[in-house]
Amino acid sequence: MSAKEPILSLHDVRRDYRQPSDMIDRVGRLLRGAGKPPVVQAVAGVNLAVMPGEVIGIVGESGCGKSTLGRMLTGILPPTGGEIRYKGQPVSSLTGAVRRQYELDVQMIFQDPYSSLNPRMRVIDIIGEAPVVHGKVRRRDMEGFVAGLMRKVGLDPAYRFRYPHQFSGGQRQRIGVARALALNPSVIVCDEAVAALDVSIQAQVLNLFMSLRHEFELTYFFISHNLGVVSHISDRVAIMYLGRIVEIGSTDTIFGAAHHPYTQALLKELPVLRTGRRQFDPIKGELPSPLDPPAGCPFHPRCPHAMPRCHTERPLLRRIGPTAAGGREQGLLPGEEGASTADTGIAERETEHLSACHLGDAPS
Amino acid sequence: MNRLLNLVAAQPSMAGCALENAAPASVAPEAAARDTDLLLDVKGLRTWFHTRDGIVKAVDGVDLQLRPGEILGLVGESGSGKSITGFSLMRLVDHPGRIQAEYMRFNGRDLATLSDKEYRRLRGRELAMIFQDPMMTLNPTLRVDTQMIEAVMAHSKVSRKAARARAIEVLGMVGIPSPAERLLVYPHHLSGGMRQRVAIAIALLNEPRLVIADEPTTALDVTIQGQILYEVQKLCRETGTALIWITHDLAVVSGLADRLAVMYAGRIVETGPAAQVIGAARHPYTHGLIASIPSIGTRGHTLFQIPGATPSLLDLPPGCPFQARCYRATAACARDPALDEVEPGHWVSCWHQGLSADAASRVQEPGAGSVGGNGELAGTGS
Numbered sequence: 001m002s003a004k005e006p007i008l009s010l011h012d013v014r015r016d017y018r019q020p021s022d023m024i025d026r027v028g029r030l031l032r033g034a035g036k037p038p039v040v041q042a043v044a045g046v047n048l049a050v051m052p053g054e055v056i057g058i059v060g061e062s063g064c065g066k067s068t069l070g071r072m073l074t075g076i077l078p079p080t081g082g083e084i085r086y087k088g089q090p091v092s093s094l095t096g097a098v099r100r101q102y103e104l105d106v107q108m109i110f111q112d113p114y115s116s117l118n119p120r121m122r123v124i125d126i127i128g129e130a131p132v133v134h135g136k137v138r139r140r141d142m143e144g145f146v147a148g149l150m151r152k153v154g155l156d157p158a159y160r161f162r163y164p165h166q167f168s169g170g171q172r173q174r175i176g177v178a179r180a181l182a183l184n185p186s187v188i189v190c191d192e193a194v195a196a197l198d199v200s201i202q203a204q205v206l207n208l209f210m211s212l213r214h215e216f217e218l219t220y221f222f223i224s225h226n227l228g229v230v231s232h233i234s235d236r237v238a239i240m241y242l243g244r245i246v247e248i249g250s251t252d253t254i255f256g257a258a259h260h261p262y263t264q265a266l267l268k269e270l271p272v273l274r275t276g277r278r279q280f281d282p283i284k285g286e287l288p289s290p291l292d293p294p295a296g297c298p299f300h301p302r303c304p305h306a307m308p309r310c311h312t313e314r315p316l317l318r319r320i321g322p323t324a325a326g327g328r329e330q331g332l333l334p335g336e337e338g339a340s341t342a343d344t345g346i347a348e349r350e351t352e353h354l355s356a357c358h359l360g361d362a363p364s
Numbered sequence: 001m002n003r004l005l006n007l008v009a010a011q012p013s014m015a016g017c018a019l020e021n022a023a024p025a026s027v028a029p030e031a032a033a034r035d036t037d038l039l040l041d042v043k044g045l046r047t048w049f050h051t052r053d054g055i056v057k058a059v060d061g062v063d064l065q066l067r068p069g070e071i072l073g074l075v076g077e078s079g080s081g082k083s084i085t086g087f088s089l090m091r092l093v094d095h096p097g098r099i100q101a102e103y104m105r106f107n108g109r110d111l112a113t114l115s116d117k118e119y120r121r122l123r124g125r126e127l128a129m130i131f132q133d134p135m136m137t138l139n140p141t142l143r144v145d146t147q148m149i150e151a152v153m154a155h156s157k158v159s160r161k162a163a164r165a166r167a168i169e170v171l172g173m174v175g176i177p178s179p180a181e182r183l184l185v186y187p188h189h190l191s192g193g194m195r196q197r198v199a200i201a202i203a204l205l206n207e208p209r210l211v212i213a214d215e216p217t218t219a220l221d222v223t224i225q226g227q228i229l230y231e232v233q234k235l236c237r238e239t240g241t242a243l244i245w246i247t248h249d250l251a252v253v254s255g256l257a258d259r260l261a262v263m264y265a266g267r268i269v270e271t272g273p274a275a276q277v278i279g280a281a282r283h284p285y286t287h288g289l290i291a292s293i294p295s296i297g298t299r300g301h302t303l304f305q306i307p308g309a310t311p312s313l314l315d316l317p318p319g320c321p322f323q324a325r326c327y328r329a330t331a332a333c334a335r336d337p338a339l340d341e342v343e344p345g346h347w348v349s350c351w352h353q354g355l356s357a358d359a360a361s362r363v364q365e366p367g368a369g370s371v372g373g374n375g376e377l378a379g380t381g382s
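Sequence lines, in order, name chains L and E. Note that the numbering used here has the first sequence beginning at 1, numbered continuously upward. Note that the numbering used here has the second sequence beginning at 1, numbered continuously upward.
A hint or two may mislead.
Label-pair ranges, simulated between beta-carbon atoms [stated by the list, open to error]:
{"#": "1", "chain 1": "E", "residue 1": "ARG160", "chain 2": "L", "residue 2": "SER168", "range": "19 to 27 Å"}
{"#": "2", "chain 1": "E", "residue 1": "ASN139", "chain 2": "L", "residue 2": "ALA195", "range": "44 to 52 Å"}
{"#": "3", "chain 1": "L", "residue 1": "PRO37", "chain 2": "E", "residue 2": "ARG143", "range": "26 to 34 Å"}
{"#": "4", "chain 1": "E", "residue 1": "TYR327", "chain 2": "L", "residue 2": "SER168", "range": "51 to 59 Å"}
{"#": "5", "chain 1": "E", "residue 1": "THR51", "chain 2": "L", "residue 2": "ASN184", "range": "39 to 47 Å"}
{"#": "6", "chain 1": "E", "residue 1": "ASP116", "chain 2": "L", "residue 2": "LEU31", "range": "41 to 49 Å"}
{"#": "7", "chain 1": "L", "residue 1": "GLY256", "chain 2": "E", "residue 2": "ASN139", "range": "31 to 39 Å"}
Straight-line Cα separation of at most 35 Å, DSBU-like style, residue types lysine-lysine; simulated pairs [claimed, not checked]:
{"#": "8", "chain 1": "L", "residue 1": "LYS136", "chain 2": "L", "residue 2": "LYS36"}
{"#": "9", "chain 1": "L", "residue 1": "LYS268", "chain 2": "L", "residue 2": "LYS136"}
{"#": "10", "chain 1": "E", "residue 1": "LYS161", "chain 2": "E", "residue 2": "LYS43"}
{"#": "11", "chain 1": "E", "residue 1": "LYS157", "chain 2": "E", "residue 2": "LYS234"}
{"#": "12", "chain 1": "L", "residue 1": "LYS284", "chain 2": "E", "residue 2": "LYS234"}
{"#": "13", "chain 1": "L", "residue 1": "LYS284", "chain 2": "L", "residue 2": "LYS36"}
{"#": "14", "chain 1": "L", "residue 1": "LYS4", "chain 2": "L", "residue 2": "LYS87"}
{"#": "15", "chain 1": "L", "residue 1": "LYS268", "chain 2": "E", "residue 2": "LYS157"}
{"#": "16", "chain 1": "L", "residue 1": "LYS284", "chain 2": "E", "residue 2": "LYS117"}
No wet-lab data here; the hints were simulated from the structure. Quantities reported herein were computed from a predicted structural model and do not represent experimental measurements. Glycine included, C-beta positions come from ideal geometry on N, C-alpha and C.
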């Protein structure tokens with residue numbers, strides 16, 4: 001596989017949720033003239049290319065759709081619109097062995113190490129079940145295989161016959177990591193994988209992630225609300241707000257020269273060690289309900305720089321920085337319109353800084 | 001050097017107060033005055049759980065002092081006993097837990113001698129607590145107004161109307177927009193941040209002297225956390241309410257608290273002014289906590305990690321509880337370290353206390369990051 005081709009790419013991916021309505025509800029709506037039931041757009045058109053070997057951090061408040069995005073990437077949740085491509089092929093059209101390979105190649109680590117492990121299975125089965133079922137390991141070799149994995153993630157193989165409740169939170173998260181690694185994946189989606197851990201245990205697990213990354217050449221899709229963790233681990237960071245990516249760029253760009261007011265506000269809220277009293281100057285308000293998102297820029301009710309234009313027109317992602325002179329509005333994947341640019345645009349794209357904000361944009 | 005100073009200074013202040021007798025002479029009069037206007041003065045708090053498997057010493061000899069309006073950050077990992085310390089102050093520990101203390105003076109009374117009935121009157125009026133999960137503190141079957149009015153009328157003889165007015169006033173204080181309307185909703189109508197504000201408002205209803213907040217922002221987003229920290233800081237400054245903020249995240253309290261206390265395995269291992277503890281931490285455990293915070297500055301490097309996990313409190317080996325995970329541990333650690341005052345008001349319990357390599361290098365290069373200013377720390381922390 002060419003190193004320049006994205007391993008996973010999202011093309012205008014959407015996920016809508018509709019409240020299921022029964023007959024009475026529908027008749028009632030008809031009589032009231034209420035129209036169609038409301039739709040929640042959990043993910044509303046995301047374009048993103050995941051390059052092999054990189055760590056993408058996805059940051060946002062709860063309810064911004066970041067977990068839904070991660071679930072769609074792993075194939076747990078089908079998108080209701082748009083397309084996810086695995087090595088250039090649309091996932092929805094994959095069949096048979098290729099589909100199986102995609103499913104095994106993209107693994108997930110969950111937030112809660114308590115509820116994501118089956119309490120009635122022993123560790124050896126939790127880790128070893130999938131590779132045996134998929135014929136990667138023979139059943140009689142399972143014990144040795146699991147022991148090797150447990151050593152890799154820093155667990156004593158002597159504990160392989162124990163049940164999850166006999167482990168601490170950090171150890172359980174290691175079991176979850178070993179389970180994901182068992183299928184030899186190339187992409188791991190980490191959905192708030194360290195959020196439930198203490199700071200000291202979190203440091204251990206983060207170090208484990210980084211050493212595994214180098215050993216297995218892993219690609220991480222790292223979902224977190226903790227900017228500190230994301231800044232530590234990621235190569236590239238995408239900020240999500242109400243189902244859309246509002247800013248994306250290299251970690252240094254996002255943390256050093258953020259453009260979007262929402263990113264700037266998030267960075268200001270980032271708790272950092274300090275020796276003096278902090279003056280709190282929080283962003284006002286909360287994430288608006290995705291049932292009824294504000295018109296125009298979704299961030300405008302909370303934005304300190306909101307202009308009249310923000311109330312009506314939703315800003316698109318556009319390039320920021322030295323190349324922004326043209327103010328060209330575009331999606332993340334140039335391959336969409338012209339395939340010829342796909343080959344040359346990638347090196348540039350990886351460091352590209354895009355932001356969805358009218359600020360500094362010449363009115364069109 | 002410091003110890004020498006302390007020894008010299010110990011003589012004149014001996015008569016003044018026993019607790020502060022190690023303070024240098026220059027601050028001794030102030031220290032003596034401080035002792036009398038302490039709001040909370042706890043010595044030797046021990047909360048042990050007498051289980052079938054043995055005694056779990058969840059809190060083992062904790063001393064706490066708090067002045068009116070002061071914010072104390074109580075920091076520790078899960079299992080360090082920080083929450084049980086809070087529960088013990090509220091006497092919310094059930095069988096088989098037993099609370100013992102040399103004394104627990106609060107506002108001129110010894111909490112340890114109060115009957116359950118007297119304590120019940122105290123709770124919610126002078127002492128209030130905010131819990132981690134607002135969904136557990138709020139009754140899902142009652143409207144917000146029912147719960148708030150009930151809390152007011154349980155402690156003071158006021159009319160229902162006055163109680164409602166008080167509820168609206170406090171909801172406004174914690175930053176809830178259109179409080180009169182919010183009173184009429186059920187907790188499930190509110191978002192997590194709003195729910196936590198309601199929980200904070202209920203705690204503040206009767207103008208308590210001391211609020212104990214047990215990880216109240218852990219379940220919330222950073223933006224909402226920022227809003228709540230802002231409101232809490234403002235309220236403490238305006239009303240003179242003292243606050244104990246229990247958390248596992250040193251970064252959250254570092255900008256909020258006046259003083260910090262770091263707990264490990266049921267004991268306070270380091271305590272002092274927040275700037276001192278963050279900028280010039282002396283205990284190896286505090287060094288570890290500070291260095292293991294991930295940030296943009298640590299990108300591309302291996303994070304410092306404290307090896308192992310918190311020990312079981314069931315049968316802790318004698319001596320320093322941190323010795324098994326400590327990078328400075330020696331044979332001396334098999335004996336219990338005493339709590340020493342290394343700077344005025346800065347106490348450390350360690351045989352090998354001292355600045356971490358990072359902090360020491362910062363001290364040598366004063367330009368690199370000054371301690372005590374309003375700035376963020378250079379290097380590992382920020």
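How the hints compare with the structure:
1. E/ARG160 - L/SER168: 19 to 27 Å: Given range 19 to 27 Å: violated, Cβ gap about 49 Å.
2. E/ASN139 - L/ALA195: 44 to 52 Å: violated (28 Å)
3. L/PRO37 - E/ARG143: 26 to 34 Å: holds (27 Å)
4. E/TYR327 - L/SER168: 51 to 59 Å: The hint (51 to 59 Å, Cβ to Cβ) is violated, given that E/TYR327 and L/SER168 are roughly 21 Å apart.
5. E/THR51 - L/ASN184: 39 to 47 Å: The hinted range 39 to 47 Å holds for E/THR51 and L/ASN184, with Cβ atoms some 44 Å apart.
6. E/ASP116 - L/LEU31: 41 to 49 Å: The hint (41 to 49 Å, Cβ to Cβ) is violated, given that E/ASP116 and L/LEU31 are roughly 58 Å apart.
7. L/GLY256 - E/ASN139: 31 to 39 Å: Given a distance of about 47 Å, which is not inside 31 to 39 Å, the answer is violated.
8. L/LYS136 - L/LYS36: violated (48 Å)
9. L/LYS268 - L/LYS136: violated (47 Å)
10. E/LYS161 - E/LYS43: Violated: E/LYS161 and E/LYS43 sit about 42 Å apart, past 35 Å.
11. E/LYS157 - E/LYS234: holds (28 Å)
12. L/LYS284 - E/LYS234: holds (16 Å)
13. L/LYS284 - L/LYS36: Satisfied, since the Cα-Cα distance of roughly 32 Å is no more than 35 Å.
14. L/LYS4 - L/LYS87: holds (11 Å)
15. L/LYS268 - E/LYS157: violated (45 Å)
16. L/LYS284 - E/LYS117: With Cα atoms ~42 Å apart, L/LYS284 and E/LYS117 exceed 35 Å; violated.
The structure shown violates the earlier hints numbered 1, 2, 4, 6, 7, 8, 9, 10, 15 and 16.
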